[in-house]
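Novice: Use these hints to put chain B onto chain A, whose structure you have.
Protein chains in written order, with numbering that gives the first Met the number 0: chain A, 0 to 304; chain B, 0 to 263.
Careful, some of the hints might be misleading.
As the list claims (entries may be wrong) - Chain A side only, calculated, beta carbon under 10 Å to chain B, not exhaustive:
id, residue
1, LYS145
2, ALA165
3, ARG168
4, ARG171
5, GLN173
6, GLY174
7, ASN257
These aren't lab readings, by the way, just hints derived from the structure by calculation. Don't be surprised by glycine CBs; every beta carbon is placed ideally from N, CA and C.
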Amino acid sequence: MSLIALLGTLETGLIFALVALGVYLSFRILQFPDLTVDGSFPLGAAVSAILIVNGFNPFLATLVACVAGAGAGLITAWLNVRLKILHLLASILTMIALYSINLRIMGRPNVALLGEQTVFTPLEALGVPTYMAIPAALFVLIVIAKVGMDRFLNSEIGLAMRATGANARMARAQGINTNFYILLGMALSNALVALAGALFAQSQGAADVTMGVGVIVVGLAAVIGGEAVILPRTVFLATLACIAGSLMYRFAVAMALNADFIGLKAQDLNLITALVVAAAMVLPSVRAPVKRALVKDKRVVGPLK
Amino acid sequence: MIEVQDLRITFGAGTPMETPALRGISLDIPEGQFVTVIGSNGAGKTTLLNALSGEAVPDSGRVLIDDADVTNWPTHQRAQLAARVFQDPMAGSCANLSIIENLGLANARGRKRTIGPATGKALREKAKRRLARLELGLEDRLDDPMELLSGGQRQAVSLLMATFNPMKILLLDEHTAALDPKIAAFVIELTRTIVEERKLTTMMVTHSMRQALDVGERTVMLHEGQIVLDVSGDERSGLKVEDLLHMFEKVRGEELDDDTLLLG
Numbered sequence: 000m001s002l003i004a005l006l007g008t009l010e011t012g013l014i015f016a017l018v019a020l021g022v023y024l025s026f027r028i029l030q031f032p033d034l035t036v037d038g039s040f041p042l043g044a045a046v047s048a049i050l051i052v053n054g055f056n057p058f059l060a061t062l063v064a065c066v067a068g069a070g071a072g073l074i075t076a077w078l079n080v081r082l083k084i085l086h087l088l089a090s091i092l093t094m095i096a097l098y099s100i101n102l103r104i105m106g107r108p109n110v111a112l113l114g115e116q117t118v119f120t121p122l123e124a125l126g127v128p129t130y131m132a133i134p135a136a137l138f139v140l141i142v143i144a145k146v147g148m149d150r151f152l153n154s155e156i157g158l159a160m161r162a163t164g165a166n167a168r169m170a171r172a173q174g175i176n177t178n179f180y181i182l183l184g185m186a187l188s189n190a191l192v193a194l195a196g197a198l199f200a201q202s203q204g205a206a207d208v209t210m211g212v213g214v215i216v217v218g219l220a221a222v223i224g225g226e227a228v229i230l231p232r233t234v235f236l237a238t239l240a241c242i243a244g245s246l247m248y249r250f251a252v253a254m255a256l257n258a259d260f261i262g263l264k265a266q267d268l269n270l271i272t273a274l275v276v277a278a279a280m281v282l283p284s285v286r287a288p289v290k291r292a293l294v295k296d297k298r299v300v301g302p303l304k
Numbered sequence: 000m001i002e003v004q005d006l007r008i009t010f011g012a013g014t015p016m017e018t019p020a021l022r023g024i025s026l027d028i029p030e031g032q033f034v035t036v037i038g039s040n041g042a043g044k045t046t047l048l049n050a051l052s053g054e055a056v057p058d059s060g061r062v063l064i065d066d067a068d069v070t071n072w073p074t075h076q077r078a079q080l081a082a083r084v085f086q087d088p089m090a091g092s093c094a095n096l097s098i099i100e101n102l103g104l105a106n107a108r109g110r111k112r113t114i115g116p117a118t119g120k121a122l123r124e125k126a127k128r129r130l131a132r133l134e135l136g137l138e139d140r141l142d143d144p145m146e147l148l149s150g151g152q153r154q155a156v157s158l159l160m161a162t163f164n165p166m167k168i169l170l171l172d173e174h175t176a177a178l179d180p181k182i183a184a185f186v187i188e189l190t191r192t193i194v195e196e197r198k199l200t201t202m203m204v205t206h207s208m209r210q211a212l213d214v215g216e217r218t219v220m221l222h223e224g225q226i227v228l229d230v231s232g233d234e235r236s237g238l239k240v241e242d243l244l245h246m247f248e249k250v251r252g253e254e255l256d257d258d259t260l261l262l263g
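In isolation and in its complexed conformation, chain A is listed as follows (with noise of 0.2 Å):
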């Protein structure tokens, strides 16, 4: 693999790993299973484009995208907290209209960005080649969305969020309303999957209808991957995982790309995700009577066992 595919590699890499964050947040956080993303992802990609293209800052156009990803994951959860949807149900309703919604956003089904001013662009008076300028600042952008989704769900708030999606019954019985932290949960989970969607444009010089088919499942992937890697205890584990997971992810399919002994073309690629999640769904019940026959279980005992 040459530098620059290693680097554009990273690159989408960094850029999925917000799309991870999002998913644990939905998947894990809030016991949400939320295909949404598949729509949020293209909408923040349409949203920032067609603004870029009409002559907007590129910061605003993506802050605006983030604002519609919120917006799809409220409608989301809305339709399940209040309608009394089922949530993959009510996801899967979002998501199917998204594709819509994004065409009428567009006017086409996609927008060219090449030649456009984009976030990226003041990375190019840093003397540097863009391609490893563009990685380089997504890792500080990656470094910035995980510190503060570590305090944010390490807060008052983020800690009332965590309970709604562990124990629901028990979190009313402490005052909370479950209610609101999933309309909020959902929203800031699509709005990071938004901004991905609006970088991943930026980043590929395009915004494309079709380029959110999947991204539920390379998100999944990321999280399931990374949590099989790096034990997610504490929250800090936890998001480090995300990010581990989707680099790894992206790593392992330029890589099965790449081998061409294998003979697997880019066209295989959602088969060998699809292959690749279900591995790691099935992975941790491989390995507990594995791990149990090796480790002693290792439970506190303490008084009144």
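Specialist: Showing chain B alone in chain A's frame:
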């Protein structure tokens, strides 16, 4: 103070599965009173507790706490007045959160939650002080996940969480039923101490007739969604478990075959 006026709840109304759970319950519990509630399965004990905590919405009737009509308040809003301990020790806390994080949740009950750290130094101090009184050694295990604790330990922490912040009413839903006798006795003692110290208005649902008479100062018996016995004072202190059993058989008009009521 709790005031329940002609509370009625029917599950599955208008369907073939229609079951009346509460059929006109009226009850006045003055401030600081400890009431035990007994009844066979399906008598409506838990539904009554659910109606008080807000988890069950009544078809008709009213619930007043300290003269405020809370009938239409959602659970989370009532939580600032009424705290609850569940029967299942696993239900009262979050398994994958640490002890201090669980207490952090309880610590913010009754006020607006902020974006500030949930488990700051002040909380750790308060948590250590309160946990030390349980004499379970938990004050040194603040960062252990809740799932490492035994059922009895978790129930003790649940009780601590319920009473962590100032509140008025304590609702106990057979909170010792899932524990073995020795630990159940410990949790009951703990309950007594806390209720006495804090002068809480308490309603404890129990399956054990002995517990119903030994604990608290008033006993209410439910049967098929109605109150069939309400004793306190001298009348209650003269009652034995056998007397309670006789009354039970009388209201049911049949021999008692529910073993769970005889035990304990």
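Novice: Now, for every hint given, state plainly whether the structure supports it.
Specialist: Hints, verified against the model:
no.: 1; hint: LYS145; result: 17 Å, violated
no.: 2; hint: ALA165; result: 4 Å, holds
no.: 3; hint: ARG168; result: 6 Å, holds
no.: 4; hint: ARG171; result: 4 Å, holds
no.: 5; hint: GLN173; result: 5 Å, holds
no.: 6; hint: GLY174; result: 4 Å, holds
no.: 7; hint: ASN257; result: 39 Å, violated
Figure legend: structure checked against the earlier numbered hints; hints not met, in rising order: 1, 7.
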